[in-house]
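Please put together the full structure from these sequences, using the hints given.
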Amino acid sequence: MPTNHVLAFADRMQAAASAAPTAPVERDLHLVVFELGAEEYAVPIAMVREVVRVADITRVPNAPPHIRGVMNLRGRILPVVEIRTRLGLEANELTPNSRVVVADVRNRTLGCLVDRVVQVMRLAESQVVPPPDEVRSSAGDAITGVGRRGDRLLMLLELERTLHGEA
Amino acid sequence: MTSQEHPFAALLADYVAECLPLAEDVLERAIALERTWAGGEEGADLYQPLKGLLHTIKGNSAMMGLAPAQELAHSLEDLTGLLVEAPARRSDGIDLLVQGTGLLVDQVRGAELGEVANPSEYIESLRAYLERSADLPSEATTVERRTEDRRATGDGGGHAIVRVDAQRLDALLETFGEAMIAQAGLRDAVKAMTHGRRRTKEEAALDRAALTLDRTLERLERALMETRLLPIATVFGRFTRLVRDLARDEGKRVRLEVAGGDTRLDKTLIDRLGEPLVHLITNAIIHGIEPTADRIALGKPEEAVITLCAVQRGDRVILTVGDDGRGLDPERILLKARALGVAAASETPSLEEVYAMAFLPGLSTADRVSSLSGRGVGLDVVAGSIRALGGHVTVGSEPGRGTLFTLRLPLTVAVLRSLLVEVDNERYAVPLADVAETVRINGAVVRQVAGQGMMTWRDEVIPVLDGGRVLGGEAGSGPRRYCVILRASTRHRGLLVDTLLGHQDVVVKALDPALGRPATVAATTILGDGRVACILDTGRIAEGLIEIGAR
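Chains as they are written, first to last, in my numbering: chain A, 1 to 167; chain B, 1 to 551.
Any given hint might turn out to be false.
[Said to hold, decoys possible] Sample of chain B residues facing chain A (criterion: CB under 8 angstroms; computed from the structure):
1) 17
2) 426
3) 450
4) 472
5) 509
6) 520
7) 526
8) 530
9) 532
10) 533
11) 534
[What the hints assert, rightly or not] Residues of chain A clear of chain B, computed beta-carbon distances all greater than 12 angstroms:
12) 50
13) 90
14) 124
[To be verified] Here are a few chain B residues that sit away from chain A, every Cβ distance over 10 angstroms (derived from the structure):
15) 128
16) 129
17) 178
18) 181
19) 188
20) 303
21) 471
22) 482
23) 514
24) 518
These aren't lab readings, by the way, just hints derived from the structure by calculation. Keep in mind it's a predicted model, so treat the numbers as computed, not measured. Cβ coordinates follow ideal geometry from the N, Cα and C atoms, glycine included.
Next comes the structure, spelled out in structure tokens:
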């Protein structure tokens, strides 16, 4: 039976995987890297549903300040968060490179406006160090770690915390 | 308890008088069906009225808090539906039907005496039978569908009942909403294409096709809404018990009188209407109705009456909640409004305006007796939840005679007739129900009186607010050429906008929680060109004007 064959194979794979932890753990972070101003930031790809071009964003009067507005994502109304202002940066004009990173945060789907999406990459967890104090003070606790991409620094962003403290 | 002392004795007698003949009719029909079906005939004329009869008995039983009778009637409705749809089940199902309708007659007849065995055993075996016979969806709404086409169902035609999962109905509505948006897009595109010149033959044909589609969608909308309508008795039903229990706790005698329970409303509204109505009724019993001793001293009937009425007027449903208690004290409301700074000491508002103030946060008169019970909810909460349903609430009162709350609700919450306006290059939808008129203005019409814009409209001086300022932008930055006169509960108020873009039915999409609770926006919608627009909370904008006007 082909099904049994597949199941047996899966069992073997699982056994192999669970045997592995005897060696030192080297886990990879799978990240989406994007730009905000001059810096590069990254979020785990598992949170990201998709990256879309910026459609018309409608301003919502009297909405919280970190909400840029709402946009139509295939018939669904998506709130778009201005993460720049949450990180102490000035809000920006949209450019042709601007993208909305659609992410699942706390069981809600939100769009995060970024200046440019750079790449999707893997980064060994051991390459990540805690953020230096000056980063922490400017961005609150939203930066959970700093990694390296080539000769550039990569700020690991906790999206949930960028929204924390909202009214 | 003898029937004379029963607080609902009169109502119970009415219930029996109305329902017993119906229940007996049901039993007779069931017995006749047994014979007819045994003879291999359809007997459609016998079973067609059954569902209606059972439905009425169910509704009335629910209103009286007679759960066993209600449940029994409900189960029998399901059984009837099954037997009508599946002739193969008739031979073994008819016996259950006859047995059950017999029990129903007993239930109704025994209601006045309060001594009748609970038919739970029968209901259980019936449920088991129904489950064996059909896979019923767990959360289902019964939808009545009249099969108009008699040819399709043979000789009798009929009144077949289909059970539909409520979530499927919601999904259907959502899809319909998308079709509406696409249609609006098509209409706009056709208009833009032929703008300012004579149309070619092909374009005219396209235009006609778009128009036909428009009308078809309109009919589809009506049909779809129809499937979502449920009798309001399903909410009213739960108040009988509430009134009795709460009145007993308070040591008061209160009777609930219900009318118009067969008025139908969208399922979503029915689901969400319960809470505000519970608040209003609770407030009436705790705060509105005087203690029995006071009532006797005042020469009022010892037993107080709370009325709950529903009636349909066009595409709105009017609901009233009344009591014959002490009424609201306008003096007190005004004093408090002044203390809170929402009314200027110099102003002498009309009685109507004072009552409207009762719905402002922190102003409900509930505090008057809160030391006694600590219960009851502010009227601002009630007004807020009614507004969230696209309706609004007003109150009238006669001191010493009673209070009457009037709730005006749309039949449906999904599609909103609205006026599209533009302010500072953003488009907004204004609920048409709140628009009294639109006026083209020139700057001189609006005068600034102590920082507040005022204008004369139909011999009335009304406050006017700049759309840009209300909507969080710059005051007067755009060319405000039009004034939308909003129908507020007390007096009219104007909202200055740049352009009017015409009437449009928009599909209401709830605000995402991430947007917080913006003061001026009730919901969002997607327009024909795919852009999102905010639907204005005209009720709250008018309230804002009260505050601004008072400062």
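Hint check:
The closest approach between the C-beta of residue 17 of chain B and any C-beta of chain A is roughly 52 angstroms, which is over the 8 angstroms cut-off, so the hint fails. Residue-level restraint check for residue 426 of chain B holds (minimum Cβ-Cβ distance to chain A is 6 angstroms; threshold 8 angstroms). For residue 450 of chain B, the interface hint is violated, the least distance from its beta-carbon to any beta-carbon of chain A being 24 angstroms, above 8 angstroms. Because the closest C-beta pair between residue 472 of chain B and chain A is about 4 angstroms apart, less than 8 angstroms, the hint holds.
A cut of 8 angstroms between beta carbons decides the hint on residue 509 of chain B: the least distance to chain A is about 5 angstroms, and the hint holds. Evaluation of the residue 520 of chain B hint against chain A yields a held restraint, the C-beta minimum of about 5 angstroms falling below 8 angstroms. Annotation: residue 526 of chain B was flagged as interfacial toward chain A, and the flag holds, the nearest CB pair being 5 angstroms apart, inside 8 angstroms. For residue 530 of chain B, the interface hint holds, since its Cβ comes within 8 angstroms of a Cβ in chain A; the closest pair sits about 5 angstroms apart.
Restraint check, residue 532 of chain B versus chain A: the minimum CB separation of about 4 angstroms is within 8 angstroms; hint holds. A cut of 8 angstroms between beta carbons decides the hint on residue 533 of chain B: the least distance to chain A is about 6 angstroms, and the hint holds. For residue 534 of chain B, the interface hint holds, the least distance from its beta-carbon to any beta-carbon of chain A being 6 angstroms, beneath 8 angstroms. The Cβ of residue 50 of chain A lies farther than 12 angstroms from every Cβ of chain B, with a closest approach of about 17 angstroms, so its non-interface assignment holds.
Taking the minimum C-beta to C-beta distance to chain B, about 19 angstroms, the non-interface status of residue 90 of chain A holds against the 12 angstroms cut. No Cβ of chain B comes within 12 angstroms of the Cβ of residue 124 of chain A; the nearest lies about 34 angstroms off, and the non-interface call holds. At roughly 36 angstroms from the closest C-beta of chain A, the C-beta of residue 128 of chain B stays outside 10 angstroms, upholding its exclusion from the interface. With 10 angstroms as the threshold on Cβ separation, the claim that residue 129 of chain B sits away from chain A holds: the shortest Cβ distance comes to roughly 38 angstroms.
The non-interface label for residue 178 of chain B is inconsistent with chain A: the shortest C-beta to C-beta separation is roughly 5 angstroms, within 10 angstroms. With 10 angstroms as the threshold on Cβ separation, the claim that residue 181 of chain B sits away from chain A is violated: the shortest Cβ distance comes to roughly 7 angstroms. Residue 188 of chain B, annotated as away from the interface, keeps every beta carbon of chain A farther than 10 angstroms; the closest lies near 15 angstroms. Even its closest Cβ contact with chain A, about 48 angstroms, leaves residue 303 of chain B beyond 10 angstroms, as expected for a residue assigned away from the interface.
Listed as outside the interface, residue 471 of chain B is inconsistent with that label: its C-beta sits roughly 4 angstroms from the nearest C-beta of chain A, within the 10 angstroms cut-off. No Cβ of chain A approaches the Cβ of residue 482 of chain B within 10 angstroms, the least distance being about 18 angstroms, so the stated non-interface status holds. A cut-off of 10 angstroms between C-beta atoms contradicts the statement that residue 514 of chain B is not in contact with chain A; the least separation is 4 angstroms. The Cβ of residue 518 of chain B does not lie farther than 10 angstroms from every Cβ of chain A; its closest approach is about 4 angstroms, which violates its non-interface assignment.
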